[in-house]
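J.: Chains as they are written, first to last, in this note's numbering: chain A, 1 to 438; chain B, 1 to 171.
Calculated directly from the structure, the hints in this document are not laboratory data. All figures in this text were calculated on a predicted structure; none of them were measured in a lab. A hint or two may mislead.
Said to hold, decoys possible - Listed next, the in silico DSBU-like pairs over lysine-lysine satisfying Cα-Cα at most 35 Å (straight line):
(1) K217/A <-> K390/A
(2) K217/A <-> K274/A
(3) K125/A <-> K223/A
(4) K81/A <-> K390/A
(5) K125/A <-> K390/A
(6) K162/B <-> K390/A
(7) K81/A <-> K200/A
(8) K215/A <-> K274/A
(9) K162/B <-> K268/A
(10) K125/A <-> K162/B
(11) K274/A <-> K162/B
(12) K125/A <-> K217/A
As the list claims (entries may be wrong) - Output of the computed footprint for chain A on chain B, the stretches with three or more beta carbons under 8 Å from beta carbons of chain A:
(13) 6 to 20
(14) 30 to 36
(15) 46 to 52
(16) 65 to 78
(17) 86 to 95
(18) 107 to 113
(19) 154 to 161
To be verified - Facing chain B, a subset of chain A residues (Cβ under 10 Å, in silico):
(20) P23
(21) A25
(22) A49
(23) D58
(24) A291
(25) F337
(26) P339
Even for Gly, the Cβ is constructed at its ideal location relative to N, Cα and C.
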Amino acid sequence: MSPTTQGMLVLIVTLIMLLSGAPVAFGLGAISIIFIAIFQGWSALHVVAETFYAGLNDFTLVSIPMFVMMGAAIGSSPAGKDLYEALDRWLYRLPGGLVISNLGACALFAALTGSSPACCAAIGKMGIPEMRRRGYPDDVATGSICAGGTLGILIPPSITFILYGIATETSIGRLFLAGVMPGLMLTGLFMLWTLFIIWKRGFRAHAPEFRYTWKEKFHSIPKIAPFLAIIVGVMYVLYGGVATPSEAAGVGAALCVVMAVLIYRMWKPRDWWKILSDTTRESVMILMIIAAAVLFGYMLTSLYLTQTLAQAIADMHPNRWVLMGLINVFLLVCGFFIPPAAIILMTAPILYPIIKAAGFDPVWFGVILTINMEIGLIHPPVGLNIYIVKSIAPDVPVTRIMWGTIPYVVCMMLAIVILCVFPEIATWLPDKLMGKAR
Amino acid sequence: MQTFVRVVRSLSQFFGYIAAGLIGLGVLVVCHMVFVRYALGHNTIWQTDFVTYSLVAATFIGSPYVLMTRGHVNVDVLPLYAGPRVRFWLAMFAGSVTLAFALVLAVLTFLFWKQAWDNSWVSDTMWRARLWIPYASMPIGLTVLALQCLSDLIELASGREKPFGMEAGRL
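Isolated chain B, as found in the complex (with noise of 0.2 Å):
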């Protein structure tokens, strides 16, 4: 079980790094677009759809990492408030509740990317993207939260894991 816990928080980190490179990444090519919009007085083809492909694709390959980092909001009102067992059980109805999330909106992403593999799919703009790129994003980075979630549901589960990440009597 440690072996598989590794291995996934590995994996949600290595997904936060191209996350973060496609943001960086999106930041240089908006800056491009800029400059030979405005600069240049040339029309821009590419850098619209590759830009807002990237932080697409960013927000579902990056998501695992910032589950991992605690860094999906949620409100904690009712966990800060509650004993140690109730904030336990808590922690795994909310844990549960995004892994079955994000095992179906995998399933249902994967089926939408078929399609636009299957149908050759490209996009309604000038660049003509094949629509398969982008879409492949949301299957794979849900699949990985998906295991991160799993993950760090078996280490609440053995008590390696602070429900919610709170200390006892954090108030």
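Chain A on its own, in the form it takes in the complex (with noise of 0.2 Å):
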């Protein structure tokens, strides 16, 4: 069988092995298991154990767990709940200033757990129910949570980041340094567009009869600030190569436990099993997808099938710019049905290669890549993102939230265009911090 042939068949077992339900890691562990089996002889499944563990065995994973747990403690915690508070507080007189309130928390908090599903429900429990006792139209009021709770993987730290840093060997602070701008700029677009739509509606009233003192206007920073200072922290020794990813993420996970404890007084067992189960469910999701994925990729490399395809498409010759157009495309489907972690374990080793040779920034691309997955968190079928709001505001229809999230798929599109005419807003920053990338 040639090896076209071979990847037609992996690929088609894949989708209806994926489509079927069967949790990701162990399908594409079995799909592994089985095509090693069928091409190469039962004799070659020796390397399976062997495979399995080594594509765990390394320290960088480490941060996953470490990152996980940062973001659980505060997740746990009633930061989301303070943290918008505060926002609130200092915006509320401004114009659609709920709204920005609401993106800016999405935002830092995203910067706080990393997480979109951790940040979507945390900071839409608030928002939400605010935004429309305050008279906000329900599909802008839950849209732009859901799009806001996207932010949670693009803005540092990030594990979609780290994901993508291991399986392409990029390094993870630089990716981290260029997600905060485009991070940012998504930030404003949703802003924006948010603004636009509230205004364009005859949405005028910001909360008049609302009024807070310089104390209440204080009160919530003294608890939210430890936490962004460790996140400062944690960030700065990073890109500063005084520690690892693994040391920065253990020490800052450490720290936020701590000051969970500290300020949040969560020492109870029921807290503590809180942050240690959350971690425990994450992280074990995410580690048994890679050791998959790891497999997975011993078995396209070993069947030929990586390489035949990428000088399958180096013989085409493309203009990069229509291959960029494709890989999005492709990426664009695969966020529509396949959680992140999953694609990007998956597909990144083989589109690191096409997108070397074709002379783009594999930096650059991880942020790309990134705002891809972002737009499958709110895209139907699968939007995980709707789903969370869905639960937090069951009496606003399900199709109503996802119209009220279209318009910020188009923001993210048209972000994806401007770093594409604009690469520098996502290199300049690792550029300028962390020198020119060799």
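Now that you have both chains on their own, put them together as the hints suggest.
T.: Shown next, in the form of structure tokens:
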């Protein structure tokens, strides 16, 4: 059987397996074992255990549970509520101030937790009822939170960037820095769109009946500031080259847990178990996918499927921007169905040599890929954030939430176009602070 | 059957505690490593290996707990839109794939562990850790994962568990 036929067979079986609803990690692992056994014989299976183990035996991967724990400690605490309150009390007098507070809180909470669902749930719980109470349209209230939540995987520290960095051996510190400006740009685009749409619909009220004293305005800041300081500290040691991502994340996780205990008095065993169980669930899920993706990658490489695909694309001599367009469409379609972690781990090793050969900056591509993954989080049919928001506002029909997210999908596509035209938006900060990539 | 399901769930929960403990321990050891390396200026020998092995072990040992709590992500588009009958058979298929994978990998990792045990393999780092110890987490975790999967399939077949945990007409 030719590698092309084998490749088609692997693709079809993988799609069937994933669409059946089997856990991604076990589905990928099962496919890998089946194809290794079929095409290389039973004797080749002796490498499976070693490859699966080797996929996890890497100190860089330690940063994943550590960053997850940082997010879990903050996500389990009322920090999201305090952050939201603080921003609302400072911005309530601005027209559309509540929307700016919500999206700003999402961006900051994204920096604190690195998790889109956590960000969406934490800010949405306060933001959506409050926006609806103050008369904002349902689709704007829910759509803006869905979109704001996606910033969790773009604004550093981001698990998505860590996975991409590990899969392509790209500097994680550089990727984190590259996410800052596009993250701010996307937040700005979301805010602009939201302000425009509420202005267009004639919504002018910005809660004139609310008045906050200076004491109230400063009330939540001392609780939030230590967490923000930890994140800034972690980022500093990361890109300053003072410590490795795993070391920075480990100390950051410990400090976040200590702060959650001290500030929010989370010392009950129940609180600790919430942090630890959330960390275990997310970390084990991601690490299992990593191990399975490494095995899957081994299977693809040993059957010469990756090489055949890369060669076929190289032989076509496509225009590099046509290629980038096709890759974006491919990622977008994948993002509609498959969770970000799985897409990155499955596709990054295949796409990386292609984009390198086409002369694209892998750090810049990491940002583009992440924005594509963000779209998948708020786009039907999967759109995880849509269902999180639906659980917060059960009386809003899911179709209304979906329609509310569409303009933000357009904002993200616009961000991708802007980044293609001005790649420096992503690459300037890492180049400035860490020097040009070699 | 109910006793089997209860015992397996307790076992998965217990393994979940162990995995959480290993991750927590990993955080503490990383802090210790940072202190020793940057504050005291000493070399670190065992910490890097220990943390890596802990997290590998946490992944395998914690996997049954994560399966029990539906933490392993899947693509649920088809189950979401399918009717109850198709959804049931999809869940049976997904469960069977997981069970088969866990069983095959448990056997393969056991053989790998046995090689490490028989040949007294040690790590090629300065710590010279005996590798049968971290390797043992693989067959142990995967065996319990297979049991948890079998228990889920029993619950599904008996109708006590909904396919993919979805209520009818979730949309």
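J.: Compare the structure with each hint and give your call.
T.: Verification of the supplied hints:
About 31 Å separates the Cα atoms of K217/A and K390/A, which keeps this hinted pair within 35 Å; it holds. As the CA atoms of K217/A and K274/A are separated by approximately 30 Å, the hinted pair is consistent with the 35 Å bound. About 19 Å separates the Cα atoms of K125/A and K223/A, which keeps this hinted pair within 35 Å; it holds. Under the criterion of a C-alpha separation no larger than 35 Å, the hint pairing K81/A with K390/A is consistent with the structure, at around 19 Å.
Proximity of K125/A to K390/A is assessed by CA-CA distance (about 11 Å); at most 35 Å being required, the pair is judged to hold. Among the hinted pairs, K162/B with K390/A is consistent with the structure: their alpha-carbon atoms are about 21 Å apart, no more than 35 Å. This hinted pair checks out: K81/A and K200/A have alpha carbons roughly 30 Å apart, not beyond 35 Å. Straight-line distance between C-alpha atoms of K215/A and K274/A comes to about 32 Å, which keeps the hinted pair within the 35 Å bound.
As the CA atoms of K162/B and K268/A are separated by approximately 33 Å, the hinted pair is consistent with the 35 Å bound. The hinted pair formed by K125/A and K162/B meets the criterion: a straight-line CA distance of about 28 Å does not exceed 35 Å. Annotation: proposed proximity of K274/A to K162/B holds, straight-line Cα distance about 25 Å (limit 35 Å). For the given pair, K125/A sits about 21 Å from K217/A by alpha-carbon distance, which is consistent with the 35 Å threshold.
Evaluation of the coverage hint for the segment 6 to 20 of chain B: fulfilled, as 3 residues show C-beta separations to chain A shorter than 8 Å, against a requirement of three. Beta-carbon proximity to chain A at under 8 Å applies to 4 residues in the segment 30 to 36 of chain B; the threshold of 3 is reached and the given coverage holds. Here the segment 46 to 52 of chain B counts 3 residues with a CB under 8 Å from a CB of chain A, which clears the bar of 3, and the coverage holds. Judged by the Cβ-Cβ criterion of 8 Å, the segment 65 to 78 of chain B is covered by chain A as claimed, because 12 of its residues qualify and three suffice.
Judged by the Cβ-Cβ criterion of 8 Å, the segment 86 to 95 of chain B is covered by chain A as claimed, because 4 of its residues qualify and three suffice. Check result for the segment 107 to 113 of chain B against chain A: holds, 4 residues qualifying (beta carbon to beta carbon below 8 Å, three or more required). With 0 residues having a Cβ less than 8 Å from any Cβ of chain A, the segment 154 to 161 of chain B misses the three-residue criterion, and the hint is violated. Taking 10 Å as the C-beta cut-off, the interface hint given for P23/A holds, the closest approach to chain B being about 4 Å.
Interface hint at A25/A: satisfied, since its Cβ lies 6 Å from the closest Cβ of chain B, which is below the 10 Å cut-off. Taking 10 Å as the C-beta contact cut-off toward chain B, the hint placing A49/A at the interface holds, the least distance being around 4 Å. With its C-beta approaching chain B no nearer than about 7 Å, D58/A sits inside the 10 Å limit, and its interface hint holds. With 10 Å as the threshold, the beta carbon of A291/A comes within range of chain B, its nearest partner Cβ sitting at about 7 Å, so the hint holds.
For F337/A, the suggested interface contact is upheld, since its CB lies about 5 Å from the closest CB of chain B, less than 10 Å. With a cut of 10 Å, the hint placing P339/A at the interface with chain B holds, because the nearest CB-to-CB distance is about 5 Å.
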